[in-house]
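Enquirer: Sequence:
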Amino acid sequence: MNYLNKLERKIGKYAIPNLSLWLVVTYALGYLMMYMTPGIISYLMLEPAMVLRGQVWRLVTWVLIPPSTGNIFFYIIMIMLYYSLGTALERTWGTFRFNVYIFGGMIFTVIGAFVAYGFLSVTGGLTIGIGYYVTTYYINMAIFLAFAVCFPNMQILLWFIIPVRMKWMAYVYAALTIYDFVTTGAVGRISIAAALLNFLIFYLSTRNYQRVSPKEVHRKYVFKTQMRDAEMRHSGGVTKHKCAVCGRTEKDDPTLEFRFCSKCDGNYEYCQDHLFTHEHIKRS
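Under full-length UniProt numbering, the letters of the sequence shown match residues 1 to 284, in that order.
Mixed in with the good hints, there may be bad ones.
[Unchecked claim] For each label pair, taking beta carbons as the anchor points, the in silico distance ranges come out as: (1) Y203 x I76: 28 to 36 Å; (2) I11 x Y203: 23 to 31 Å; (3) F103 x T123: 29 to 37 Å.
[What the hints assert, rightly or not] No farther apart than 25 Å at their CA atoms in a straight line, the calculated lysine-lysine pairs in the DSS-like style are these: (4) K263 x K282; (5) K240 x K263; (6) K242 x K263; (7) K242 x K282.
Simulated from the structure, these hints should not be mistaken for laboratory data. Beta carbons: idealized from backbone N, C-alpha and C, even for Gly.
Given these sequences and hints, build the entire structure.
Expert: Right, dumping it as structure tokens:
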């Protein structure tokens, strides 16, 4: 990631430290606003049609909508979990890279919303209602998946009881995301893909592709060929089989079969022509 290193040297000083805390505060503020004024959510959603009509605040206020608006107890648990995961990622990657990851997901989500708007405009679909698909749920999902990639064997207590490794939880979340992607409509698919694009870029950029590169494959092939030729040269004229009567080996006739005689005293091997006709060797 040389481009990130260069970017960090230029604008790294502007990165927001402890970004996970700011996300938690944002979610809490949004949850409080919706609890006190339920109808306000319709003015916070990212509706591209409304943005193009001048309601530009929607480009930012959709982040106030928390990932879940259900039971307050589970909401608090979720907030605490994502805060701890985000903090751990920031310590692992550094403040700047974590900022890029989070804000990149948000920017991709906004772009995805306008792509969905353009798709509906061309196909004659209803362009109002896109905001219901644009949430921070998959932004937080990207945090969870990135943490699972970095710490696959770390255990968490599911429902505070069952110890589960992060990689298995990630598989479950990935399966649920794939199910949502398949069962939802075109707008939902665009929103999911856009929100998780930052994780896809992160995952692909951290893989080691050198072992499958054409240059590496050719190098391995040449190495194996050289080792095989060296082994053949080292063995020289040594053979694996030799008849104790006629002295023929597998080099004289590759179709010859050789067997050891169980009635001879010692390890004497005979070709197929002398296996049953030779005189058994007995030690006195």
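Enquirer: Does each hint fit the structure? Answer for all of them.
Expert: To see whether the hints hold, each was checked on the structure:
1. The hinted window of 28 to 36 Å between Y203 and I76 holds, with their beta carbons roughly 30 Å apart.
2. Checked against the hint of 23 to 31 Å, the pair I11 and Y203 passes, with Cβ atoms roughly 24 Å apart.
3. Restraint check, F103 to T123: a C-beta distance of roughly 30 Å satisfies the suggested window 29 to 37 Å.
4. Between K263 and K282 the CA atoms are separated by roughly 8 Å; this keeps the pair inside 25 Å, and the hint holds.
5. Proposed proximity of K240 and K263 is supported: the alpha carbons are some 21 Å apart, at most 25 Å.
6. With a C-alpha separation of about 18 Å, the suggested pairing of K242 with K263 holds against the 25 Å cut-off.
7. For the hint pairing K242 with K282, the CA-to-CA distance comes to about 19 Å; that is within 25 Å, so the pair holds.
When the structure is compared with the earlier hints, no violation turns up for any of them.
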